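In my numbering, the protein residues as written are 22 to 384.
Warning: the hint list may mix true and false statements.
Unchecked claim - Here are the computed lysine to aspartate or glutamate pairs in the EDC-like style, where the Cα-Cα straight-line distance is at most 16 Å:
hint : residue 1 : residue 2
1    : K314      : E203
2    : K168      : E210
3    : K314      : E283
4    : K329      : E259
5    : K158      : E119
6    : K185      : E205
7    : K232      : E210
8    : K282      : D177
9    : K69       : D46
10   : K232      : E178
11   : K206      : E178
12   : K150      : D272
13   : K128      : E140
14   : K102      : E203
15   : K268      : E330
16   : K243      : E259
17   : K254      : E339
18   : K128      : E138
19   : K232      : D153
20   : K290      : E205
21   : K289      : D163
22   : K174      : E100
23   : K159      : D221
24   : K174      : E210
25   : K314      : E259
26   : K102      : D177
27   : K268      : D177
28   : K202      : D221
29   : K168      : E119
30   : K314      : E210
31   : K329      : E319
32   : K150      : E238
33   : K102      : E205
34   : K159      : E126
35   : K128      : E139
36   : K289      : D305
37   : K128      : E142
38   : K329      : E339
39   : K159      : D123
40   : K268      : D221
Bear in mind the hints are in silico, worked out from the structure with no lab data behind them. As the structure is a prediction and not an experimental result, all values here were calculated from the model.
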Amino acid sequence: MFDPSIGCNARQNGIRDILQKIVNDFISLSIQMPRLDTNSGDYLVEIKDQFQLFGAMQIISNHFQDIEVATGEFLSQYESKSFLWEETLEESFQAFLETGVDPREQKHTRENDDGEEEEDETFAWMAEKVLDGVQTKKPGLDAFDEKITFLIKIRDEIQQASLKPTVDIGWLRVNATPLIKELEKTATEWITAYTGFLLDNTTREIRNIEKFISDVENGIQKPPTSATTAKEKERLSEVMTHLRDVKMIKDRALGEIEPMKEAVMLLKKHQASMPAGTKMMEEDFLVTLENAKTNLIEVSERALGPTKEAILPLQTAEAKDIKERLRHFVVKVAEYRYEFQTSCPYHISKSSPEIISDAYMKI
């Protein structure tokens with residue numbers, strides 16, 4: 022935390038290391054000066070007998086212990102913010118997301134007309150179109166709100182000078198300005214990670230719904246009036262596919278609108294800013310969501326109303342044609358089976374390459 026460190030360290034450049042070195046340098050003078058009375062030896066024995074020297078050294082040690090205690094108290098104001106440097110943002114955020122439940126991994130059921138429980142496939146259909154590229158394994162908005170509120174409180178404490186940038190501890194001056202600036206930057210990055218996730222997820226989901234609406238709207242325009250040619254049959258199949266998608270997805274997609282509104286309101290509450298260059302930067306998300314909801318209802322009504330009625334005769338005729346083709350196929354399979362059983366080589370008494378070849382040609 023401190024640079025240089027308060028105590029001793031492996032590099033021996035801590036403040037306690039420096040003080041000890043200064044004291045040792047003073048004591049070493051007694052070794053470097055030869056004795057004047059005997060012309061041999063040094064004054065180290067006399068120095069060791071000086072109680073005043075050891076008393077001064079003890080005073081220095083006591084003062085330093087007081088400084089270590091005071092610096093520890095100084096650091097205590099950062100305890101609530103220690104996660105900003107003890108944890109990595111990526112790992113912490115991923116662990117936060119893992120606390121949520123993924124609806125893609127859940128079993129979705131519904132009650133049929135007979136009152137029995139059966140698998141509900143509408144979520145899987147909706148997820149394929151509306152939740153494409155959307156992170157679904159995440160905790161609820163309450164958890165996001167709690168986390169973002171906590172991070173904003175931490176950042177505000179840093180910005181509002183509740184942390185002392187400079188403090189004198191005895192003869193030691195501590196300059197915490199670089200740490201405070203780095204903590205403020207890091208706290209902002211953490212906040213952006215959470216708000217940015219909600220923003221990106223919501224934007225993706227809105228765009229997916231808008232794309233689905235556009236695809237259906239373009240797909241049901243000018244439905245075929247007949248299904249005679251292969252091209253007309255292909256066009257009929259495309260329109261029927263869009264009608265199926267609307268039937269399977271509409272209610273589920275509409276159910277996503279309200280949670281997205283709540284996410285937008287949460288972003289507004291925490292004053293999340295839209296990144297520069299984003300297409301929706303100047304738009305109001307709530308207006309966009311309301312428009313998407315209205316457009317989805319309108320295109321669904323057109324698809325399941327006039328468009329469905331327009332292709333119903335063709336759909337009925339195509340269904341009859343498929344049934345007829347299926348009936349012919351069943352008959353053909355039965356005829357083939359009979360011929361195969363009666364004409365196989367194992368019914369003949371003699372065998373030759375020509376007979377075997379003729380039998381295979383019949384098959």
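We went through each hint and held it up to the structure:
no.	hint	verdict
1	K314 <-> E203	violated, 43 Å
2	K168 <-> E210	holds, 13 Å
3	K314 <-> E283	holds, 15 Å
4	K329 <-> E259	holds, 12 Å
5	K158 <-> E119	holds, 7 Å
6	K185 <-> E205	holds, 14 Å
7	K232 <-> E210	violated, 32 Å
8	K282 <-> D177	violated, 27 Å
9	K69 <-> D46	holds, 14 Å
10	K232 <-> E178	violated, 43 Å
11	K206 <-> E178	holds, 13 Å
12	K150 <-> D272	holds, 13 Å
13	K128 <-> E140	holds, 8 Å
14	K102 <-> E203	holds, 12 Å
15	K268 <-> E330	holds, 15 Å
16	K243 <-> E259	holds, 12 Å
17	K254 <-> E339	holds, 8 Å
18	K128 <-> E138	holds, 12 Å
19	K232 <-> D153	holds, 11 Å
20	K290 <-> E205	violated, 20 Å
21	K289 <-> D163	holds, 15 Å
22	K174 <-> E100	holds, 14 Å
23	K159 <-> D221	holds, 13 Å
24	K174 <-> E210	holds, 14 Å
25	K314 <-> E259	violated, 24 Å
26	K102 <-> D177	holds, 12 Å
27	K268 <-> D177	violated, 49 Å
28	K202 <-> D221	violated, 28 Å
29	K168 <-> E119	holds, 14 Å
30	K314 <-> E210	violated, 33 Å
31	K329 <-> E319	holds, 14 Å
32	K150 <-> E238	holds, 15 Å
33	K102 <-> E205	holds, 10 Å
34	K159 <-> E126	holds, 12 Å
35	K128 <-> E139	holds, 10 Å
36	K289 <-> D305	holds, 11 Å
37	K128 <-> E142	holds, 10 Å
38	K329 <-> E339	holds, 14 Å
39	K159 <-> D123	holds, 7 Å
40	K268 <-> D221	violated, 28 Å
Of the numbered hints given earlier, the model fails hints 1, 7, 8, 10, 20, 25, 27, 28, 30 and 40; all others are met.
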